[in-house]
Amino acid sequence: MIPKLVTVTLTIITALCIIVSLAGWIIPVEAVQNWAFQQVRADDVYGQFEAVGRAEAVWWLFAYAGPVLTVVAVRTWLRCERLIDGVQRLIAEVQPMLWDQTSTSWMGTATRWIKTGLLAATLLLAVFHLGGGVWDRIKDWPYYRLYSGDEMLPNISDANREVIRYLRSATPENSRIFVVSDQKLFFLSYYLYPRKILHRIHPDAEYLIPRAHQERQLAAYRLKELPADVLSDAHPDFVLEYFEGPEYVMPERNAEDLNWLHFVRQRQQNPNFVPPYTVVLRTYEEAVAP
Amino acid sequence: MTTVLKVLIGLLGCVGLGRLLVQLLAGRVPRGGTGGSSASVISTAEVWGLSLCAGVAGIGWCSFFWSLAGGPLGSAFSWGLTAIGLIGGVMTHFSPVRSTLTKLKSEDQSPVAHACQILIGVLIIAAIVQTLLTPQRFWDERAIYAIKAKVLWYEGSVHSPILHEADFVQYHPKYPLLLPLAEQHFYGLLDGAHDRWPKVLFPLMYAGLVLTFAGVCARRLSPAWGWFCGLMLATTPVLMPYEYGFLCAQADAPVACFHGLAVLYLWDALHEVDDSLRRRLVAISAAAAASAAFIKDEGLAFLVIDFIACALAMLFSGRTEHQTRFGAAEWGLLIGVAAILLTPWLIHRRGLPSTTEMNYFGRMTLSLLIERLPTLGWSVPHLLAKMFREWHTWGLHWWLAAAAVITMPARAKTAPQQFLIWNLLGTLAALLLAGMVAPAELEEHLGGSTHRYLMQLVPAAWLLVAGQWADRAVRLSESPRNER
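Going down the list, the sequences are from chains A and B. All residue numbers for the first sequence refer to this note's numbering, where the first residue is 90 and numbers rise by one. All residue numbers for the second sequence refer to this note's numbering, where the first residue is 128 and numbers rise by one.
The set of hints was computed from the structure by calculation and includes no laboratory data. Be aware that a few hints might be false.
Unchecked claim - In silico DMTMM-like cross-links for lysine to aspartate or glutamate, where the CA-CA straight-line distance does not exceed 25 angstroms:
#1 B:540 with A:189
#2 A:313 with B:282
#3 B:133 with A:240
#4 B:301 with B:484
#5 B:301 with B:282
Owing to the predicted nature of the structure, the values given are computational and were not obtained by experimental measurement.
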């Protein structure tokens with residue numbers, strides 16, 4: 090009975106693997122993407138972007154993991170008897186390992202149940218998590234693909250992204266840029282290196298973690314509030330004023346830096362766009378001029 | 128394609144370097160004429176697992192000492208180190224000593240071990256593929272480590288003036304440099320700061336941890352149970368596939384790896400009756416503990432806790448052979464190896480800026496501890512919730528560890544098991560202590576990091592389970608001489 094059940098199951102699995110592999114190689118990726126695109130509402134642009142990317146990821150999975158699984162399934166199917174023998178030996182070894190019946194006390198029985206139950210639950214949990222992991226990568230694919238971090242600037246705010254791109258275009262590599270800001274500037278520093286980003290953290294903001302969408306206003310120095318000599322000691326080539334929080338944004342200055350305004354309007358494809366945050370980049374000499 | 132080839136050569140060089148280091152530390156571990164006890168024969172899986180981890184650590188330490196001495200980092204150094212690794216690895220692999228690194232016979236015959244090995248292999252491949260599918264994208268991995276790696280790559284030295292500038296924007300300027308140095312090693316090989324490729328080191332550490340764990344448990348406990356526990360460790364969700372575990376370039380999972388190895392080899396040493404072998408196991412443990420401390424500051428606390436836990440296990444497990452055998456030589460090795468590796472780094476870091484540093488050790492005063500005692504009212508329930516209530520997210524290992532101790536109380540009193548229990552209690556207490564003294568808001572500080580801290584303790588928790596519920600563990604620890 091057991092060998093027959095195993096044979097039938099293996100045959101079904103092998104057939105499924107072959108179908109999946111063939112589907113991956115016969116159906117063009119564009120057809121899969123097109124189908125996914127049509128499943129999303131016409132006005133949901135992000136939904137369409139995600140659906141197309143995910144469909145592509147699933148196609149890649151079918152096309153490359155499918156054949157590997159097929160080879161494994163066929164090999165196992167051909168060696169069915171060895172598999173059955175192996176599984177029987179496996180069960181024979183697992184049983185005493187997890188279900189030690191030498192102790193007949195209630196404690197021994199409880200231990201057997203707890204040990205086996207928890208270990209089985211651990212394996213089951215792992216299956217769910219591994220499946221979830223694969224699905225997460227499928228969801229990630231539309232965004233990350235094989236782009237480099239420097240190119241796509243992942244997982245940062247849109248404002249941070251625009252400022253990084255602006256500074257890349259407006260300052261030479263290896264320049265030193267002193268920034269006064271109410272933002273944590275780690276990502277600017279990372280993606281702009283070898284430009285050196287310098288910043289004097291306000292003591293009240295040193296150990297605070299920022300929150301999304303400016304939900305937490307971090308204390309900051311404005312340019313004129315910097316402790317004496319900080320700016321001159323840093324000997325920067327440029328000084329950037331960059332504020333996003335409501336306590337520090339100066340709406341009247343949001344259009345002061347014309348280069349920035351030109352850059353951000355081009356990016357937004359809107360000739361009248363004025364960003365809701367303050368970005369002013371000047372050379373050191375301009376910044377300290379009376 | 129050239130990039131993939133360079134990465135592959137780099138990985139081979141890394142493993143080769145690790146193989147060389149393992150040979151130096153443990154090459155003569157298997158000793159002929161000891162009666163053929165499987166516990167004193169390092170298995171193939173353990174050697175290669177340890178080589179993977181030692182390779183990553185080796186790159187970090189070699190780069191650090193070289194740069195500290197004034198040598199320039201960069202492509203030439205990275206390729207040189209890779210060449211040393213490749214040549215050294217090949218020579219070591221084909222040297223006569225290799226014959227002593229034997230595959231356990233019983234391991235060959237165990238279908239459970241065989242099935243677990245296949246599944247672990249699949250998990251390692253899954254980890255590598257998933258890791259490479261994303262660039263570096265999380266806060267810590269970029270703000271703390273990747274920025275330092277980039278600076279080291281561009282500036283070519285740990286003495287770079289920019290790393291010493293207090294106003295240069297980087298998170299935790301005093302944080303250890305093992306990961307940044309290992310990442311910049313790959314930048315050197317690729318001749319560019321492509322932050323996706325160095326991530327391949329992290330699943331390598333995952334593979335190294337799991338293989339070493341399974342290897343040690345297989346020879347110390349039994350092949351089937353050892354590999355089964357190795358599989359359990361590999362499937363712990365918080366390690367893999369949780370995206371802040373081994374799939375990203377943050378430091379928590381690497382600390383789990385090296386702290387796990389340190390605890391594993393101390394536990395192993397506490398079982399061992401052969402003096403020479405035990406000392407080598409202690410030396411491996413000390414090197415792993417030092418590497419954990421060169422990855423993240425928690426490692427320093429873990430090193431102290433390892434030491435204290437070992438002493439407490441000696442003290443409370445009764446006067447056994449372990450107590451007399453784990454003597455001055457072992458203690459000296461434990462402290463000496465860690466001190467030799469860490470002292471240059473600790474001296475170097477004194478010159479680094481302290482912007483955004485929490486300065487836990489410096490803030491630890493009696494008055495502050497008393498003042499902040501009420502914080503335990505929030506942090507203890509929070510910690511227990513992360514360990515037990517959120518099992519479906521992070522894994523069942525804490526439930527298993529608790530159940531294993533409760534169901535086998537007599538075994539928990541043996542020195543090696545006590546060492547694990549004291550170690551876990553100490554590391555958990557350290558988290559609560561950190562919450563008390565940190566200058567950050569408690570709920571925000573611990574709330575966002577407790578699960579990642581607990582991740583670092585996962586191997587020790589699984590080792591406790593493995594030791595508690597294994598049949599041979601008792602025999603080995605209670606009457607070591609009989610084993611021979």
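Quick rundown of the hints versus the structure:
Of the pairs offered as hints, the one joining residue 540 of chain B and residue 189 of chain A holds, with about 21 angstroms between alpha carbons and a cut-off of 25 angstroms not exceeded. Distance check on the hinted pair: residue 313 of chain A and residue 282 of chain B sit about 32 angstroms apart at the alpha-carbon level, beyond 25 angstroms; violated. This hinted pair checks out: residue 133 of chain B and residue 240 of chain A have alpha carbons roughly 21 angstroms apart, not beyond 25 angstroms. With a C-alpha separation of about 7 angstroms, the suggested pairing of residue 301 of chain B with residue 484 of chain B holds against the 25 angstroms cut-off.
At most 25 angstroms may separate the alpha-carbon atoms for a hinted pair to count; residue 301 of chain B and residue 282 of chain B meet this at roughly 17 angstroms.
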